[in-house]
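Undergrad: Below are the chains, spelled out letter by letter.
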Amino acid sequence: MNRRFILASSATMVFAALGAFLLLAAPATQKSSGKSAVKSANAAGSSAAAQTIITVDGVKDIDPDKALGSKNAGVVMETFTDFQCPACKQLYTTTLQRVTDNYVDNNKIYLVHRDFPLPMHAYSRVAASYARAACHIGKCEVVEQALFSNQEKWEMNGDVKGTVAAAISPADMKKVQALVDSGSLEPLIDRDKQIGQSVPINQTPTTIIHTRDGQTYPVVGFVSYDVLKTLLDQLVK
Amino acid sequence: MMQSAPLNYRRLVIWIGRLLLGAIFIYAGCSKIFYPNQLFQSWLLAKFSIRANFSNFANQVDSYKLLPDWGVYFVSRFLPPAEILLGLLLLIGWRLRIWASIITGILFGFITVVTRAYLLGLKIDCGCFGKPEPLTGWTVLRDSGLLLLALAMTVLAFQEARKPHPWSATPAQEQPS
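Residue numbers (numbering that gives the first Met the number 0), protein chains in the order written: chain P, 0 to 236; chain C, 0 to 176.
Bound-form chain C, shown alone (with noise of 0.2 Å):
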């Protein structure tokens, strides 16, 4: 019977950033739609809650001053969902280094964001949760520090897929001694 293996610091690594980022993104991604306004005492006002969130969150966008307003539209609509569902995925585990990389691709874009607006000196919401952040040093900060447990998640995440320790090795992936 195959058994799992111990925890070694390459597994650790990979749980930790699994938590975090996946219990992260998912906040981030949940924040934006159901915050700051939750009147949903009926449909048409829990309609209105989530657009008004919607709108909130592509004002903050706007204001990075990046994209054209087709553009802010596609990311305000479509990064809160993106970013529950990457939270998921990376939570249950299963095709880890796709989502991790996608995961690390979208860290790596927000902190370019991020980075450029903070020296450019832009006074404006990081936008990085439902409620409003001043972007600062400690935002930039924050992220390189998601980036780089990113980063390092996913590249463990390879390294386990190929060289997986022998007790959890499948006997495809067992060299013969």
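Just chain P, same shape as in the assembly (with noise of 0.2 Å):
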């Protein structure tokens, strides 16, 4: 074995060990504190919108339309999604569906939906308005469910209002353009993307889930259900 084999394996070895203790010595800075953020979100909130928010386990700013379960489950979820991200939509439809069929219905998990529209993303904030009305009249499945599905259909032609006039009746469709029409929920959506980036949330999705002892564990990006599923069943024990 030659000098300059050594030398370059030993700079190679130093190089690779460097690189992997800035990544594993990276904190894990998304523990959800954020107080100061939810104040300032509380304050811009009108007080209509402020009425109707709840706090669950220690969670706060909780709009219980955009929420499913029992309050009194051991464990409450924050997902954090953009309307327009595929990874979201992902989510949503697979691993999501399958969360709230095997926890949210058996009041294992409180599942609590947080809006956090990108920039990026030209109807995401559009989506987020027309899913929280939705919800508002008690239609938030059928509405999100039909938004993540068609997601490239609308954000192509950006026909969101069309998307969601197909999934439920045209009375409902009246409610819900009059409340998007009137931007009473607005701040209610603001109050979420405060909340997310106090966190800070860096990408779409995040989940963040908390459980009765204060301990929270951010969950960031798309994760199956079978992964999520072995940490979900410490949690919920």
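Among the clues, some could well be false.
Below are the BS3-like pairs computed for lysine-lysine, each with C-alpha atoms no more than 27 Å apart in a straight line [what the hints assert, rightly or not]:
1. C:LYS64 to P:LYS152
2. P:LYS228 to C:LYS46
3. C:LYS122 to C:LYS46
4. C:LYS64 to P:LYS228
5. P:LYS236 to P:LYS59
6. C:LYS130 to P:LYS152
7. P:LYS107 to P:LYS236
8. P:LYS152 to C:LYS122
9. P:LYS228 to C:LYS130
10. P:LYS107 to P:LYS228
11. C:LYS46 to P:LYS107
12. P:LYS70 to P:LYS236
13. P:LYS70 to P:LYS107
14. C:LYS46 to P:LYS236
15. P:LYS160 to C:LYS122
The set of hints was computed from the structure by calculation and includes no laboratory data.
Two chains, two frames, some hints: make the complex.
TA: Right, dumping it as structure tokens:
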């Protein structure tokens, strides 16, 4: 073995070790605190919107119309999504559906859907407004399902309204449209966004799992149900 | 005593290629395995984090709509460790021509699928690194640049092996005058 090979190998190992250290030593900064942002969001929100806000297991500023399950569940799962983000669609249509069936419906998890529309997506804010309005008239699941399932269509032509209208009755659509036009629910979306920024949320989807003993577990990006289940089973014991 | 050959353009390109591509491949592999989830407080959480990261990457591979489920699973599990290994081997420089050729082949594969997705107008994340990055024209341009560098490095590595600089040539390689 020649000297050059040994030198190059050593340099590589040092480089790799340094890289691994930097990656591993990076602090898990995604633990939620965000009290100041929540306060400012509260101040910004309208009084009508503020009345609907609840706190569950220490998780503040939850819009109950955008949440599923029992408030007495031991675990609260907050999911920050953007309706125009492909990974969010994947998470919603696969993982979260199964989490709902197996944990939320069994009162083991309280699932909170937070809106986190990204500026890079032209129609995600509009979609969040329609979804929020639909949730407030009790049509949350059907509209969210329609928006995520048809994401590729409406992101091309911007026809969010048409997508929502196709999923609910004309009478319900009138109510949804009135809520969207009034803008009364916009502060709730702003609040979710500010909570996300205070975490901070660096990408969508991000799921934050809160246990009753105050522990938080941020799960960033798409995660399959089978993988998420390994963590959830430990937390809901 | 044998001396090192002076730095000429051929060796310079090879060195730049090795350092740059080696570092990028190591970072790409590590970021897919260790980012974005970094819950390493316990063995359970570490295992969960890494599996979640692989799951995230599998979703990105799947979004290209090219592979069946088993292919997505294979690529998502195999590619990140392979990137780290190839990056290390490139930096070490041992059997350079083999690893440089493989890396060029992989980059050719990347540019093919990335260009296809771009031309089809797929609104997806590129899956190049751990952090999501929308696939744009810039992604195609960047990958093309890396492919050109890898190609140049590989060709010059073969040339260097065939016609080494007289100072670094072994006695068997020296031409009789």
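Undergrad: If a hint holds in the structure, say so; if it doesn't, say that too.
TA: Checked hints:
With a C-alpha separation of about 17 Å, the suggested pair LYS64 of chain C and LYS152 of chain P falls inside the 27 Å cut-off, and the hint holds. At roughly 13 Å between alpha-carbon atoms, LYS228 of chain P and LYS46 of chain C fall within 27 Å of each other, so this suggested pair holds. Of the pairs offered as hints, the one joining LYS122 of chain C and LYS46 of chain C is violated, with about 30 Å between alpha carbons and a cut-off of 27 Å exceeded. At most 27 Å may separate the alpha-carbon atoms for a hinted pair to count; LYS64 of chain C and LYS228 of chain P meet this at roughly 26 Å.
For the hint pairing LYS236 of chain P with LYS59 of chain P, the CA-to-CA distance comes to about 23 Å; that is within 27 Å, so the pair holds. Note on LYS130 of chain C and LYS152 of chain P: the hinted pairing holds, with a Cα-Cα distance of about 26 Å set against a maximum of 27 Å. The straight-line distance between the Cα atoms of LYS107 of chain P and LYS236 of chain P is roughly 9 Å, inside the 27 Å bound, and the hint therefore holds. With a CA separation close to 12 Å, the supplied pair LYS152 of chain P and LYS122 of chain C stays within the 27 Å bound.
Between LYS228 of chain P and LYS130 of chain C the alpha-carbon distance is near 23 Å, which keeps this suggested pair within the 27 Å criterion. With a C-alpha separation of about 12 Å, the suggested pair LYS107 of chain P and LYS228 of chain P falls inside the 27 Å cut-off, and the hint holds. Between LYS46 of chain C and LYS107 of chain P the CA atoms are separated by roughly 23 Å; this keeps the pair inside 27 Å, and the hint holds. For the hint pairing LYS70 of chain P with LYS236 of chain P, the CA-to-CA distance comes to about 17 Å; that is within 27 Å, so the pair holds.
The suggested pairing of LYS70 of chain P with LYS107 of chain P holds, with an alpha-carbon distance near 10 Å, which does not exceed 27 Å. Restraint check: the Cα-Cα separation between LYS46 of chain C and LYS236 of chain P comes to about 19 Å, which is no more than 27 Å; the hinted pair holds. For the proposed pair LYS160 of chain P and LYS122 of chain C, the alpha carbon gap of about 21 Å is at most 27 Å, so the pair holds.
When each numbered hint is compared with the structure, a violation occurs for hint 3 only.
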